[in-house]
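Undergrad: Listed below are the residues making up each chain.
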Amino acid sequence: MYPDNFRYTREHEWVLVEGDTGTIGITDHAQQSLGDIVYVDLPKVGVRVELGKSLGSVESVKAVSDIYAPVTGEVTEINKLLADAPEKLNQDPHGAAWLVKIHLSAPAEAQDLMSAADYQTYIGVEK
Amino acid sequence: MRYLPKSDSERRQMLEACGVASPEELFSHLPEAVRLKRPLDLPPGISEYEIVDYFRRRAAENANGYASFLGAGVYHHFRPVLVDAVVSRGEFLTSYTPYQAEISQGTLTAIFEFQTMICQLTGMDVANASMYDGSTAVPEAVSMAVRSTGRRRVLIARSVHPEYREVLRTYARHQGMPVEEFGYQPEAGTIGLEDLEGKTDDLTAAVIVQSPNFFGIVDHAKAAAEIAHRRGALLIVVFTEAVSLALLEPPADADIVAGELQSFAISPSYGGPFAGIIATREKFIRQMPGRLVGQTTDSRGNRAFCLTLSTREQHIRREKATSNICTNQALIALMATVFMTVYGKQGLRDLAEQNLAKAHYLAARLKSRFTGRFFNEFVVQTNNPDAINKALLKRKIIGGLPLARFYPELSDCLLLCATEMSKRADMDAVAEVLA
Amino acid sequence: MIAKVRPHPSQNEPLLFERSSPGKLAYQLPALDVPSVDPATTLGPANVRSEIPDFPEVSEVEAIRHFTRLSTWNYAIDHGMYPLGSCTMKYNPRINELVARIEGLAWAHPYQPEALAQGSMEVMARLEAALAEIAGMDAVTLQPAAGAHGELTGILLIRALLEKRGNPRKKILIPDSAHGTNPATAAIAGYAVENIASSAAGVLDVAALARLVDRDVAALMVTNPNTLGVFEENIMQAAEILHAKGAMLYMDGANMNALVGIARPGDFGVDVLHLNLHKTFSTPHGGGGPGAGPVAVKKPFEPFLPVPRLKRSGKKWAYDYRRKHSIGRVRAFYGNFGVLVRALAYILAHGGPGLRNATVDAVLNAVYIRKQLEPYFDLPYTSPNMHEVVFSDERQAALGVRTGDLAKRLIDYGFHPYTVSFPLIVHGALMIEPTETEGKLELDQFIAAMISIAKEVEADPQLVKNAPYGTRTSRVDEVTAARKPVLRWKPA
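Just so you know, the sequences run in chain order A, B and C. According to this note's numbering, the stretch in the first sequence is residues 1 to 127, in order. According to this note's numbering, the stretch in the second sequence is residues 128 to 562, in order. According to this note's numbering, the stretch in the third sequence is residues 563 to 1054, in order.
Calculated from the structure, these hints are not laboratory results. Bear in mind the structure is a predicted one, so any value in this text is a computation, not a measurement. Treat the hints with care, as some may be off.
As the list claims (entries may be wrong) - Under 7 Å between C-beta atoms, here's a sample of chain C residues computed to sit facing chain A:
{"id": "1", "residue": "A759"}
{"id": "2", "residue": "E1040"}
{"id": "3", "residue": "R1045"}
C-beta: ideal position from N, C-alpha, C; glycine also.
Let the sequences and hints guide you as you build the complete structure.
TA: Below is the structure:
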């Protein structure tokens, strides 16, 4: 369920580091708590995102949640799929419904995040 | 008291069920220091008859039986009888905001129809379910432009309603939005395009023009759009006389339309309550303030309506909301919806043409200050506006608005409005006095 | 399209555009008594529009039937109770409608000469005075069009005074129990929002307040009683803490229905507050508005009030525009005059003693409901409640049923739901405010309905989760409405 090659944040984002490219998404736990997702607000290509700061938001009918950047870098690609089909984020949050790709400023940042095992423990503990 | 539906014995039963000996005990937990220790200094309650009498006497202290040529943002149009018949129904009058869609389909359907008709009239893609009034719709439109462009400067024409400009300043002052005005052409009364061109730059979020403008003149929205768009700014077009939408070319180049619907069967009522609208392009939907009704289906597959895109709003996004607005003007919007339904496609057109005819009949007998084409309002040059209005009052006519209070350079002018309700005899009297 | 074979609430009434056909009409204008003019010649052909595309054309009979049928699909106060917490959905007296329509008041143009508007001005002056007395404050502005508008005005007033004193400051403290308009308003007024957590008892944590208030804090925005229906017993202490650091106490008057005639905000340290005439003062909600949100202030704020102000000039009323410290206008003209008339009529009908009696009944009704429902629903905060009570869905949630489901099932019993999921400090909240205009019979029916639903949750949770059943539509698909917004009708 939670890929071993992803790193995870306490705010339920994941990042997949491949060289100096990072792919960011939200976890299955996150999409479950949000319920049916109706809209995803993503930054434009070229925007700089900073570790811990909001890069956009995810909306369900009755709630909005900020997406916090797990790493620092520049947005190189956004997932166009989500503009027309935000429900994909409920269906495949770890795969087809990634959010953005980042050119990483500091790839080592990801090491400070949780492993899949740690994340699963974390969400097991969190109510 | 007739609105309190409990008998004394019922109160006693309830107090007992609460384990409380007297009503005063319900408040015994309040700190002594906060308690009001005397009765409110208000007279005792009065009967229905006395209430009606009180307000009849107040009404008698206002103008009664006068013909009026005042416009300036509030218009005297006939209110079709069906309007009050519909809005007086308890199901509309005493219902709540339609958050619970299953038991609010009446309100929701009517608002959906309203949104559609406003789109049809303004030529925009989407319209919201009303703002407080035209004057507050302007800063809301500006906020949309600021959010969409990422810029902060605002340019507004001096020919936009003076009180609307005041309201914008109050709102803009604390949000770091510099507001600058651009002028009008002294002969035509339309916006000064060179002045606008000179002031528009890459920091401009929005250019705001009104058409017909405060002087009643049909303004150059298209030209303003060209200037604004060339610099990456949005064009906001404002209207105060909704009937004009039935005859005038809609502002196709506007990004946002902000306006006042008072003309559509909303009583002048000394300035409120009215209903403002914001209508815009598809791409700005998520920046819109206020409630939106959307079409959907229920679990049985039947068409149904509900409030939607609520995540823009204060109850969800709180300090990041597109606006703080909560209450809108649903009942007022319903009045406008019934008005639009009664007149319909042909009727609104006929109504607008009658307004055009009446105003031009009157204007032909007077000395217009501006050369620009106008709808049902125009500015007249006089030698003494106050003396003229005084003379008209003696004939039980309220004349036009003296412009001195808003435009010192037009201090010898009056703004006159004639609608379908203006009678020929009264217009002839005005012409006589002004001669 | 289903033909008319069922009673009206179930009947498929189409949209106006679907009823429309060319040539039908519902209007007749009088003949022109002046010559007609050609629009193209008069306005210039480029300025004249073609016909309004797809605008409806229906007959008068179809128009009245259309809206009448639509109205039968609504719930309303005239049908029964709205237990909506912090909304104060009380009876809308019909006499208010009559007096607001008296011609001299309804047709008054805001720019008509002051000498011919004395009646309107007297109405406004009388209402200002009455609200000042009720609130225990020194001056009132009637300009704001609604509660949120009043909040903005109030915060701008605070900013103006603090600016005059040398430092407008940077942030506003808002309790986590606050209504969403509070933080939204603070942001528009150019302030940063800092949340202050409620105490374990659900009230203002004065120790936390004392820690947070510094010279960067402009004000604390409170609702009193708070959104749990509980009186903020430390409000005077809070006021002292704020005032000691030059900060202000703003009160959201949404819950005034618990206080009128009992306690006055001005007496317990409030500097600025707004009132909701469409809540406490019975003006009708009309499906979402109009309202009015007058703001009442203490003397130091008076110079900053929106312009114009009413002033006495000999035996007459006049407008004072020479207010150089005013924050300016917050809307065109003077206020929602038609709403002000209704509120004044309400105040005249009750009178001083009557207003107090209404408050007593409002609190009695809410306490009665609490006592009867306590055995069935979790009560997260046990302090004495006033005009409203907040339960949580904790017991029912254990069986998979949430507050939203319970609310939908309540509809099947003939009631409008209570306020769902608010305030945020109660997870799964059920916020119930009956108001004083509910009698014992209606309250007992409501209580019986709630108890029955609690029992249904235990016996058959799915029954509750799929509610409502008896309504014109079943649960609507809000998800698709948000994913693929369709915000207007379009021809096929």
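Undergrad: Give a verdict on every hint.
TA: Status of the hints after comparison with the structure:
no.: 1; hint: A759; in the structure: violated, 18 Å
no.: 2; hint: E1040; in the structure: holds, 5 Å
no.: 3; hint: R1045; in the structure: holds, 5 Å
In terms of the numbered hints stated before, the structure departs from hint 1 and from no other.
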